[in-house]
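Peer 1: Under UniProt numbering, think of the first position of the sequence shown as 1, with each following residue one higher.
Treat the hints with care, as some may be off.
Said to hold, decoys possible - What follows is a list of derived Cβ distance ranges for each label pair: (1) L91 <-> N30: 27 to 37 Å; (2) Y68 <-> K26: 16 to 26 Å; (3) N30 <-> L87: 36 to 46 Å.
FYI, nobody ran anything at the bench for these hints, they're computed from the structure. Please read these numbers as outputs of a predicted model, since none were measured by experiment. A virtual CB, placed ideally from N, CA and C, is assigned to each residue, including glycine.
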Amino acid sequence: MRGASTSDANEEIGKKEGDTLKPLTKEEKNQMTMAIQRYFAEEREEEIGELAAINILEFITKNLGSYYYNQGVRDSRSIAVQRSQLLEEDLFALEKRI
Numbered sequence: 001m002r003g004a005s006t007s008d009a010n011e012e013i014g015k016k017e018g019d020t021l022k023p024l025t026k027e028e029k030n031q032m033t034m035a036i037q038r039y040f041a042e043e044r045e046e047e048i049g050e051l052a053a054i055n056i057l058e059f060i061t062k063n064l065g066s067y068y069y070n071q072g073v074r075d076s077r078s079i080a081v082q083r084s085q086l087l088e089e090d091l092f093a094l095e096k097r098i
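All chains should be modelled from the sequences, with the hints used to inform the complete structure.
Peer 2: Written as structure tokens, this is what we have:
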């Protein structure tokens, strides 16, 4: 990433080769970058530049993002199973007695 422009670095966040996930929008990446800068300013009393914040965001995305993604998939699976069970109950209730 060294030597890359800020906009080039921002474009790579959230993308991996072979990734089928929808990449983050430029606006989302900018908001996250600003949130990282704000965190450092407010919590650590350190000023970091945009490129440093982008590098932190890239690190989080590449090294920690899968944990959050997988938790989201597990949460979605749990909701889908619950809804499927409710649908099954509703369908059984529609059956006519013979």
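Peer 1: Hint by hint, note whether the structure agrees.
Peer 2: Against the structure, the hints come out as follows:
no.: 1; hint: L91 <-> N30: 27 to 37 Å; result: violated, 47 Å
no.: 2; hint: Y68 <-> K26: 16 to 26 Å; result: holds, 20 Å
no.: 3; hint: N30 <-> L87: 36 to 46 Å; result: holds, 41 Å
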